[in-house]
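Protein chains in written order, with UniProt numbering: chain W, 1 to 847; chain S, 1 to 202.
A hint or two may mislead.
Unchecked claim - Some chain S residues judged to face chain W by a derived CB distance under 10 Å, without partners named:
(1) 20
(2) 44
(3) 106
(4) 153
(5) 157
(6) 161
Hints were generated in silico from the structure; no laboratory data involved.
These numbers were taken from a predicted model, which means no experiment stands behind them.
Here a beta-carbon is modelled for each residue, glycine too, at the ideal position from N, C-alpha and C.
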Amino acid sequence: MMIPWLLLVSLFGKSTQDGNGQESGVLHCGAQNLKLTGSDQMILLTWEDTPSCSAVQDVLIYELEVLIADKKEHYDEVAVAPDQIGSTHSWNWTSYLALECASHSVRLRSRYKNHTSQWKQETRPGHETSKAQVYPKDKLFQVGSTATFCCVLPAGEVFGKMSLPEYSSADMNTTRISNQTYALTVHLNQASKYSCTDVKCELIPDVVYGACAYIGYPPNVMDLQCETRDLQSVDCYWTDKDSSLPSKNITEYHLLGSPKICAKWPETRCSQEVRVDARVRNWTLTASNPLGEVKLSDTADLTERVHMFPPEGVTVLSVNARNVSLDWKWTVQQYYNLSLICQVNIINHGENTISEHFGVGLNFAVLNDLIPNWTYNVGIRCRTAQHFWKWSSWSTNVNFHTKGDVPDALDVWMQVMDNQIITIWKMPLANQSHGHIEDYEVTWTKTTQRERQNRTKVAPNNYSLVLSLDTTVGHIVTVTARNINGSSSPSTITIPSSNPDGTKVNTSSIIGSNGSFNLSWSASPTASCGYIVDWCPTLGNCTVEWLKVPPNQTNASIFSKNFKDGLRYTLSVYACTRGAPVLLQRREGYVREKNNPEATSLTARNLKNGSYIFTVKARTAVGECGATSITATLNLLTDNLIGTVFIFLAAVFGLLSLITIVCYRHWTCIKETVYPPIPKPVLTSTGEHGCRHFQVDQCHYSEADITDVPELYCRAGAPINGFVSQENMPFVFSQTPKGYYNQPLKKFTPPPLTLPSTAIPSQPGLPSSPFRREFPNASYNLIMQPGNQQSNFCPELQEATSLERSSDGYQPHDHTETFTTNQTEEDPDSPMSCVSTYILLPQSSSR
Amino acid sequence: MAARRTRGMTGSDLSRATVARATAIAELLRYECSILLELYRKKESFTADVTVTESRLVSVPPPSSQLETRDKLWCLHSALLQCRSFLERAIAKEEEQLGGGKKGDYETQRKMVKERLTILLINTGELLKTAGGVMVLTPSSEGLELDGPTILFELKLWIYRIFEEVDYWTKTAITTLQALPSVIAKERARTTRVRSMRSARR
């Protein structure tokens, strides 16, 4: 009985043991031999599985965590298939920071089903240095990317700021990674201008550390075009922009996948030998720099893209008067087998003419229709006749001078004046004379006697001949020019007879425009060889000018450098016939009027006073007419006087207004200054207070008394209305409601001046005063205080001698002794109420 | 110093015209140096007070009033020679490491300073020769740390240091050269006095 139980227990125990063994093996499965390496910003972790992992039969997961400066930054998982278990695993990750900036740690653990192993960690420490450093150094960045730079400070240094020149703070963000490490994240949106861009780390106080960053572009190749020039190689052209990278990282170009560098920026063309055959091919260019690589293709059959080299050794073989032959060589032998088109650019005194020539392997050309005795400059370029691709560049230019020839036929015209026939011709231009003109020969004959010819020679600097002939008969005149090569073809003109009964034409007017005449006429059937337009000033002698017009043209724009404004011209249109020219039309007019004929008013300026006669006349080419006169008188004096008076009145009015305004605005001040308020007088009787009224006009004077100017004494007080006298009239005259009073001002006290005393009879009831005339109704209010009224009022005034300077010559009294007043009905002892006060102190002239 | 001649000299032999010419060249060089520094600061966005306070690159005892004219000239000439070596190396390194092939105002000014420094060296060499000194660079160019840093930013600072060094020694040259005429005059006076005393004794 025990044996089966033991067997059962042992079996159970084994099965349990087996199961636990696998489970515990899985649980111990993990990473071993961790190795953390890296460069720049990338870390690489390699590890192996522990032996216990061999028991794992499903996918094993490794969990990885990256810590930068002990701060968790990234999480990742690596799945290991069962067949990979036991091999070495690797994992890499690119940090946003350079590895020198801060410590980078990787933690790793395995996970199988729900079981995870312990974390294992490897750390790559940051760079420690005795002086501040900025990382990464000398690295290349693409424009548009975002980069992070760090500044690692040694202990004790104080961070100031990190920056990139020419970047705004909006593009940059500074963060603190650890105590002594700071990071600057910047969006690199500007390529380096000079070599590389500085990343600066400034400490406090001012010490700068830094690193350089190349910020540039990957290749940007465009517009690739391939062709052949020598039919033995391919030439490719493209465009690319500056990558802003340093010379050691400059963009390189490879053609057709060749490892050989075909070109380096800034070169944007390269050539490579190929077999050129008639088939379409892809011509591929590869451009690369550390920031990227670009491939670009051009599809073409090179035999259709032949860009020829220019002709070499252009030579002028034979030079004649009107033609030359040129030949040249080809540097590429294959060109001799190509069907070519060549252009010869003939430069003739700045004018270009191009002639085209065709042929297989074309290497010569004949130029015709040249001007004799003329210098030419020619250049040649060619291209393949089939499949036009590009012209070659122009060959080196060559010069040649054509041989001379007889002059061209002269352009002859005539002018008939009275009994004279003037034959006139135009001076042959350089391209018409074909050599130095030695002389002209003129022959003439009557139309009726052609066999009898007259002949004369004209010097080369004369271009007309005056013949006194019978103009009633027609003449035929012939002119030739002669140079060293011979005589020109004769130019003949038939001079019509001046028949007074001949057909006349009416003269109509013409108006010039833009310095010329635009003339048109009706076509004439007689004009077999075209038309001649001639012109001349209407009045006076002239040298006729003319223009020959082809038969199919019935208008002409007549312009001459001899045209003058304000001069009337007669223009005649003739039909050119086999015989004499036939006058068709005659016009008269001005190229430009000198004065304005539309003007109907004129202004004469700067005239003096007087009478003028203005006469207006119309002036035409033939004289003056239609005079009209007017008489006008100019009298500027009266106008000036009136004007002056008005100005004066305005000025006075203005001044008075100003004074009024000033006085009004400052009235209080003036009043205070000039006429202080006068307190009411208080006259007190003995034992009583009050004022007694005294009527000055009741003062007791003897009319017979001859009194001098009375002296006024007043009590200081503000005047109601007052003004300051002139300097030598030191008084204050104040008009009061009840009268006036005079008050000498101390401050205007002039030096003593004795004026002759003029006796004026005193008026009854009025003080004898020189101011009486101005203030005829003046009354005086006497203020006095019993006992000592004089000294109580204005004691200083008593000493004043200002009245001695009365302008009217009055001699004031030296001293006031007595005066008499008539008492009012009031009680003399009662106080009097006085509105205004002054004291009249008459003096005896006897003193 | 060991290589220089110790034979006695008098400043009276120095040509005033040569001294004046050398002074004028040094003044011109100083002006051109200031422009070069300004252009470099602008190009590299350096502030004027960017400090590169390390030991001097040029190793020559500073001119002292205690030294004789010949020794002063020797020091100056030696320093300027070292400056030129550094400048040439700086230009080469800059072209090699930082050059973008562009030729602007800065590059033109840099070339001008180098050429002007060479002319100044010819003149100070003449003066030194006249004063009886020997034109030997001490330390020799092999002894100079001409390689420069490999890190670009440090290379830029190194170049800036060299420009500042040229500027400093140019200013020193002006001071030294301007002091020479008075030295010449004094020495000439002393010589005359000695001669007259000797003739009096006779």
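Hints, one by one, checked against the model:
Interface restraint check: residue 20 of chain S against chain W, minimum CB-CB distance 39 Å, threshold 10 Å, status violated. Residue-level restraint check for residue 44 of chain S holds (minimum Cβ-Cβ distance to chain W is 6 Å; threshold 10 Å). Look at residue 106 of chain S: its Cβ gets to within about 8 Å of chain W, closer than 10 Å, so that hint holds up. Checking residue 153 of chain S against chain W by beta carbon gives a least distance of about 4 Å; that is within 10 Å, so the hint holds.
Hint on residue 157 of chain S holds. Least Cβ distance to chain W is approximately 8 Å, under the 10 Å limit. Below 10 Å, beta-carbon pairs count as interface contacts, and residue 161 of chain S has none with chain W, the closest being about 13 Å; its hint is therefore violated.
Violation of the numbered hints given earlier is confined to hints 1 and 6; the remaining hints are satisfied by the structure.
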